[in-house]
Structures are given as C-alpha cells and as structure tokens.
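Use the sequences and the hints to build the structure in full.
If you read the protein sequences in the order shown, they are chains V and E.
Using our numbering, you'd call the opening residue of the first sequence number -4 and step up by one each time.
Using our numbering, you'd call the opening residue of the second sequence number -4 and step up by one each time.
Errors might be hidden in some of the hints.
Claimed, not checked - These stretches of chain E come out as covered by chain V in the derived footprint (C-beta under 8 Å, 3 or more residues):
hint	stretch
1	63 to 77
2	98 to 105
3	221 to 228
4	237 to 250
5	293 to 300
By construction, these hints were calculated from the structure, which means they are not laboratory data.
By construction, the Cβ of each residue, glycine as well, lies at the ideal position given by its N, Cα and C atoms.
Spelled out, the chains give:
2 protein chains.
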Amino acid sequence: MVELARLTLEEVDALAFSVLRASGLSEDHARAIADTVTAAERDDSKSHGLFRIPGYVASVRSGKVTPDAVPEVRELAPAVVQVDGHNGFAPLALRVGREPLAAKAREHGIAALGVTNIYHFAALWPEVTALAEMGLVALAFTSASSFVAPHGGIKPLYGTNPMAFAWPREGRPPLVFDQSSSASARGEIQIHQRDGKPIPEGWAIDAEGNPTTDPTAALEGAQLSFGGHKGAAIALMIELLAGALIGDVFSFEASAMDNRDGGPAIGGELMIAIDPARCIAHGNRQAQLAHAETLFAKILEQDGTRLPSDRRYRARLRTPSEGITIPTALYNELKHLQQSSDTAS
Amino acid sequence: MVELARLTLEEVDALAFSVLRASGLSEDHARAIADTVTAAERDDSKSHGLFRIPGYVASVRSGKVTPDAVPEVRELAPAVVQVDGHNGFAPLALRVGREPLAAKAREHGIAALGVTNIYHFAALWPEVTALAEMGLVALAFTSASSFVAPHGGIKPLYGTNPMAFAWPREGRPPLVFDQSSSASARGEIQIHQRDGKPIPEGWAIDAEGNPTTDPTAALEGAQLSFGGHKGAAIALMIELLAGALIGDVFSFEASAMDNRDGGPAIGGELMIAIDPARCIAHGNRQAQLAHAETLFAKILEQDGTRLPSDRRYRARLRTPSEGITIPTALYNELKHLQQSSDTAS
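Okay, here's the thing in structure tokens:
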C-alpha cells in the first residue's frame, strides 16, 4: 500500500516554488519550473509533476546547473531566434523565447527557436500548448541522455528524444501530442523495477543485445525505439534538429558530460512555430480551423478513439476542485528539502 | 517464375518520358515525372519506379488530372510560398516550388512551401534530397487516400501519410529517410495478396476490426499505423500539416472525391526547409556538418546498423553501369501504352 497525500493545485504550486527557491534557484527559474510542475499535476501527468522536484534540486546542489542563469535572446536570422540558457534549467529559457518566436512566426509565416545550453527535465507539451493558445501551430524536439539503441545496434546512443505537436482550436484547448521516440519512457522501466514486475516485450534489450522483459537487465542494456526502424529514424532526426542544427550536443555527448546527480543532462531544444493564417491564399483562419474540426469529428465518430490530449484535458476538469495526490513519502521528502536545501548546498 | 527485362537508366528515362508524353501530358510534366521515376529505379526503389507509370497514364486518360496544368507560385508571407498545382501531377509543382523555398530558407533561416491541388504518386525522398543537396535541412509531409484506422478505431480515415527528412553532408549524398506512418505500404499488402501469402501481424485489421493476416481481408478492412498510438499521432499531424494548414483536403475527403482510376487521389504537401548556417550563433557551417558526422560514425560503429538512406545509395553505385530489371509483363504494358495512349485517350 502506498500512503497518499492530497494537495490543492495552489498547494502544489506553493510547495514546488518554495522547495526550488530553498535550493538556491532564482525567483524567475523557480517560478517557471513551478508553473510546469503544477501544469503537469493539474493534467495528471505525474511523471513530470512534483516527482521531478528532487531531481531539479539535486542538479542545483551538485553545482551542475547555474541557479540564477539569465537566458539570452539572439536573433540569428529574420525567422530564427536563439535563446542561450547559459547552463540553466529549460523552462525559463523557453518562456523567454516564446514571444520572440511567436512574433517571428506571425511576421514571416514560420519561424524557429533554438534553445541551447539548457537542462531539460520537463514535458514538451506545455511549450507547444502555449504557442497554440496564441493561435500558432507548434512543433518541439529535444534530445536527452543516451539510452536508446540505434536500429540494428545494441548499445545506447540516442536519447528517448520526444517530439511534441500542437494545433490551435477555437474556444477549446489545443490538440496536442508529446511522445518519446522510444517504446517506453525510462521512468516506466524504473517503476517496473521498483515494483518487481516484468516489462513488456519490445521495450528493451539486455547488455548482450537479447530481448528482455527484466527491467534491471533493460536498464543495464538499451531501450528500443517505438515502431522499429521508423521510430529510430525519428530519434535520429531529433538528435540532428536539437543537436547539430542549433549548435548543441547529441545525447551521447550529454551523457558523457553528465555528473549523474539524478537531474537532467545538458542539451538543446528546437521549436518551430507556424501561423496558419499565413499558409493559405485568402487567410480565412476561422474556416481553416473549422476544417480541422471536421477531421477531429471523423476520428471521434469511431468507437474507441480519442484525441491525443483528451486524457489530460479530462484531468484538468477535475483537479482544480478535487486536487491531486502524491505519495506521502514524496511529500515528506519535499517538505524536508524545503527546510534543508539552502543550508545543505 | 517472373520474366525480367533489363534496361539501362537511359532506357528507363526514355521509356517513361515517351509513355507519359504519349498519354497527353505536357513536356514539362512528363520530364518531371520521368526524372522521379528514373531516380527511383536508379535507387532500387521499385515501388516508385516504372511500376507507377500505368497509374499516371490512367489518371490522364480518365480526365481526373489536368495533363498540361501550369503550377502557379504565390508568396503568402515572407517565409511561406505556395504552389498551386492546378490539378496536375505533383513532381512539376514541387520542382517549380524548390528554388523559391530554398531562397526563402536562406534569407529567413527557415521557410515553408505548401503545394496544393496536386496528384501525388511519387516518393517524398527526391524532394527533400534536392533541398539537402542545396545545403538545406528539409522536411516533407503528405497525406493520401483514406486507408489507415485512427488509434482505437476500425475504419479507414488517415492516408498512409509519409514524412521525409534530409540532412546535408559534405562531399556525400544527404542522409535521408522517407517513411509512411502506416505499419506497411499499401502496395506491400497488395503484393502479398497477388502472391497468396499471409501478411505479418500488426499491419491491418479486417472490416470487423479483428487483427488479420489475410491480405484480402486487410484491404477490405483498415491498415494500422506503425508503433500503435505514436504512429497514429504522426499520421494525424500529417493530415493537419498537408491538409487544413495549407488549405488542402484531408485523406478522407480526397478518397470521397476520387474516381478510382488506379492513379493517385488529389491532395497537398507541406515542405519545410531550414538553412543550418542560420541556426547557429557564429555560422561555422563546416564545423556544424562535421559535428553531425560524429553522430553518424557512432551509429555505424555498432555492428548491424546502417544509415537510413544507405540501401538506396548502394543501389546507386550499381545501377548506372548494370542497369535495372522490371517484369517483362510491365515492360510490354509500357510499350503498349507508348503506342496506344494518345489514340486511346
């Protein structure tokens, strides 16, 4: 049995913010991270909620991440903006880049944002969602530590490399997906290990390259991409887009540099924003978005289907009144960090 | 036993061009299509080679496709160009859009090309390859006839919706992939049906939604996306990018409009081009491309791996001297079309 503590979303936010501040993070960083953590809890996206806070704190304590880094915006081309995170966490750098990216997308029709020198420990969906709420179509790509074998190989090389996509909807939250290019999240394997359960076939291979359902062997071996060589091709594309294209590291380089403090590895993120009204000849944005709705209706008229973001949005209807739960052990750990972090660092 | 005819690449090109011309296609269209067909045969990408020519001819003969359509270029925004194919085949429209797209990508750093009102019957890799040979990173997305069930559903809705990606390499052909978001190409199921062989599990469901290995039942049912819900999310994204975003139809609309003449359905294509040198702060393009090579070397140092485009490039070393083979029956059909097409149309 796992004991649970129930918190309101306001309590989630206040707890996250105070623990992050106590660790020594600047107010701007603590605010940006607390917002993404609270949004994750609100949407029942537990793996990116309060569960992540100890990792953020660990990377401040170890000295790996600069707690008061000030992200720097540079225009690299009329439709390309760069934010140098200067060795800080990602959420603030992404927030700083959002308006310049959106402005460029509206002016030029399409624009790119390269965020470099950041430690990314959050989901991608909050960033693409924010852009879609501004009426833009958005894509995001980031790499991570080296965990996934290239197709045909047996040793970890790629990160779990997520990509996210968001499409704006009139009068409703955007259609969004955010998915890793690995068959499973690393955390899912760790949870199976903790619970002493076998993992499904197809998630991983052991250190000798044999298929395995043993989570410990999987963590010592390599994860597999989703959908075989096609998922691996997407993982490779993401390495290039979030790495060489924007002048940042590949997952294997990030892993080699990392101090294994329990927080994220360094890396980059590419975002692309498109103004849909600038992509049609006689800019009737309303008709364009209504057209997309006909596709969503066609999906939902089939039994058993749902739109990619529906599960999160259903949670969002519930959690502002009902609150959320986390394991009491995690709650106690966070309370402890809240007291001790700045003296221990 | 299948009897084979051997042709040089020059003969492939001349045969394709003359059959297309005989069908009534304008010289520009016949040239653009013959080039993609010859490139496909050169790279041993048989499903997009001479095999496609009867379908092109059928769609001219049926009156569905305008044989002398002149693609029209419009600037929709500083970084967005549109090519209206005016009901013609895709290759010429894409060729016409290539230089404007590349010029915009170089000027603004990133640019988009929406190609509308086209009949797409070719692979995507030739287009992204051409842009990468100009030093750009390129992405392409197109939808198609309605064949693939949405995740959780059982009726066809999405097209097989390919996406392609190309990365430029110094002194070598680009790294390229071009993959459908369905578990298999439709043609692969048709080939299993022709040969009386069961299809692998995971490719399709029958009309009642049950998994099937019977190719006939699969063709009457629905294809499945690759990698479960993640591939389906990519298929949905491609519907939006190549449909509503650029003011073109979704796959289900294209299928409803189609006359089933054996050629392609109408649709749109989105391309994105990025100038890598405009995405880094101190534009050292050579160092940037060299960085990507370190990733490719890391992939290839593992036994059993290859880069996505390697199989095609190995064929390309062989076919200019050895030529290619096609079934004699196809050769005879093409010779027949070459003689009879313009009198029959």
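Structure-based check of all given hints:
1. Beta-carbon proximity to chain V at under 8 Å applies to 7 residues in the stretch 63 to 77 of chain E; the threshold of 3 is reached and the given coverage holds.
2. Here the stretch 98 to 105 of chain E counts 4 residues with a CB under 8 Å from a CB of chain V, which clears the bar of 3, and the coverage holds.
3. Note: the stretch 221 to 228 of chain E has 7 residues with beta-carbon separation from chain V under 8 Å; the three-residue rule is met and the coverage holds.
4. Here's how the stretch 237 to 250 of chain E fares: 7 of its residues keep a CB closer than 8 Å to some CB of chain V, so the rule of at least three is met and the hint holds.
5. Interface restraint, the stretch 293 to 300 of chain E with chain V: holds (6 residues with C-beta to C-beta distance below 8 Å; minimum three).
Checked against the numbered hints above, the structure violates none of them.
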